[in-house]
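> Line by line, the protein sequences give chains Y and E.
Residue numbers for the first sequence follow this note's numbering, so the first one is 1 and each next one is one higher.
Residue numbers for the second sequence follow this note's numbering, so the first one is 1 and each next one is one higher.
If you're looking for bench data, these hints aren't it; they were derived computationally from the structure.
Check each hint, because a few of them may be wrong.
[To be verified] Simulated crosslink set (EDC-like; lysine to aspartate or glutamate; CA at most 20 Å straight-line):
id, chain 1, residue 1, chain 2, residue 2
1, E, Lys-59, E, Asp-17
2, Y, Lys-44, E, Asp-17
3, Y, Lys-44, E, Glu-45
[To be verified] Which bits of chain E does chain Y cover? Going by a derived footprint, with three or more residues having C-beta under 8 Å, they are:
id, region
4, 11-18
5, 92-100
Cβ atoms here follow ideal geometry from the backbone N, Cα and C, with glycine treated the same way.
Chain by chain, the residues run as shown.
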Amino acid sequence: EAGVAQSPRYKIIEKRQSVAFWCNPISGHATLYWYQQILGQGPKLLIQFQNNGVVDDSQLPKDRFSAERLKGVDSTLKIQPAKLEDSAVYLCASSFSGRGEGGYTFGSGTRLTVV
Amino acid sequence: ILNVEQSPQSLHVQEGDSTNFTCSFPSSNFYALHWYRWETAKSPEALFVMTLNGDEKKKGRISATLNTKEGYSYLYIKGSQPEDSATYLCAFKRLSGANNLFFGTGTRLTVIP
Numbered sequence: 001e002a003g004v005a006q007s008p009r010y011k012i013i014e015k016r017q018s019v020a021f022w023c024n025p026i027s028g029h030a031t032l033y034w035y036q037q038i039l040g041q042g043p044k045l046l047i048q049f050q051n052n053g054v055v056d057d058s059q060l061p062k063d064r065f066s067a068e069r070l071k072g073v074d075s076t077l078k079i080q081p082a083k084l085e086d087s088a089v090y091l092c093a094s095s096f097s098g099r100g101e102g103g104y105t106f107g108s109g110t111r112l113t114v115v
Numbered sequence: 001i002l003n004v005e006q007s008p009q010s011l012h013v014q015e016g017d018s019t020n021f022t023c024s025f026p027s028s029n030f031y032a033l034h035w036y037r038w039e040t041a042k043s044p045e046a047l048f049v050m051t052l053n054g055d056e057k058k059k060g061r062i063s064a065t066l067n068t069k070e071g072y073s074y075l076y077i078k079g080s081q082p083e084d085s086a087t088y089l090c091a092f093k094r095l096s097g098a099n100n101l102f103f104g105t106g107t108r109l110t111v112i113p
């Protein structure tokens, strides 16, 4: 089966600019996650969708980050405006159910550098 | 915020050596413990999902054990090969509360040929 697709792979922007990331999960996976991994730290959940509804966005900095999953399939994550501390790898993952019994399937991530 | 700790942070081993890492997690409200392998420039790959106390799982030369009562899991690699070089992440899922994975910071393994 095709994996989780993410784009772009790399992005360099200046602070205060905007950026958007795209994710297409495994077909049939109802749950989609966006994680942020800052260098030296473990991945941290930003937002979790179940189909096209938000399950958990408690750690999403809503003043600058937004995400949507229209039609319950692919998803976009946007940062506007970006700050230096947003430099990180942004990982998208999907699972068949919210309990993730079979593990999560991850994309290869987008490495964002804010200068 | 849940505390999931991994040790060591990094290690170098010679090809052919066996090695192991530790993941510590809360011993209460346990649902599952995941292990992932993340090679540079690739996607994190699920190795094991463990749910029962005393679970032992094996995948080739890699195995893992789980102790939910004391809150730890070990990952073992037997006869390390250069292709085992990666960051190994563990992640904890709660029985109740937020329904997502809480990750440790990972153990970065380098296998020297």
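> How does the coverage statement for the region 92-100 of chain E fare against chain Y, requiring three or more residues with Cβ below 8 Å from a Cβ of that chain?
holds (count 4)
> Establish whether the coverage given for the region 11-18 of chain E by chain Y is satisfied; the threshold is a Cβ-Cβ distance below 8 Å, and no fewer than three residues must meet it.
violated (count 0)
> For the pair supplied as a hint, Lys-59(E) and Asp-17(E), is the alpha-carbon distance within the 20 Å limit?
17 Å, holds
> Is the straight-line distance between the alpha-carbon of Lys-44(Y) and that of Asp-17(E) 20 Å or less?
32 Å, violated
> Can you confirm whether the C-alpha distance between Lys-44(Y) and Glu-45(E) stays at or below 20 Å?
With Cα atoms ~17 Å apart, Lys-44(Y) and Glu-45(E) stay inside 20 Å; holds.
The structure fails to meet hints 2, 4 from the earlier list, while all remaining hints are met.
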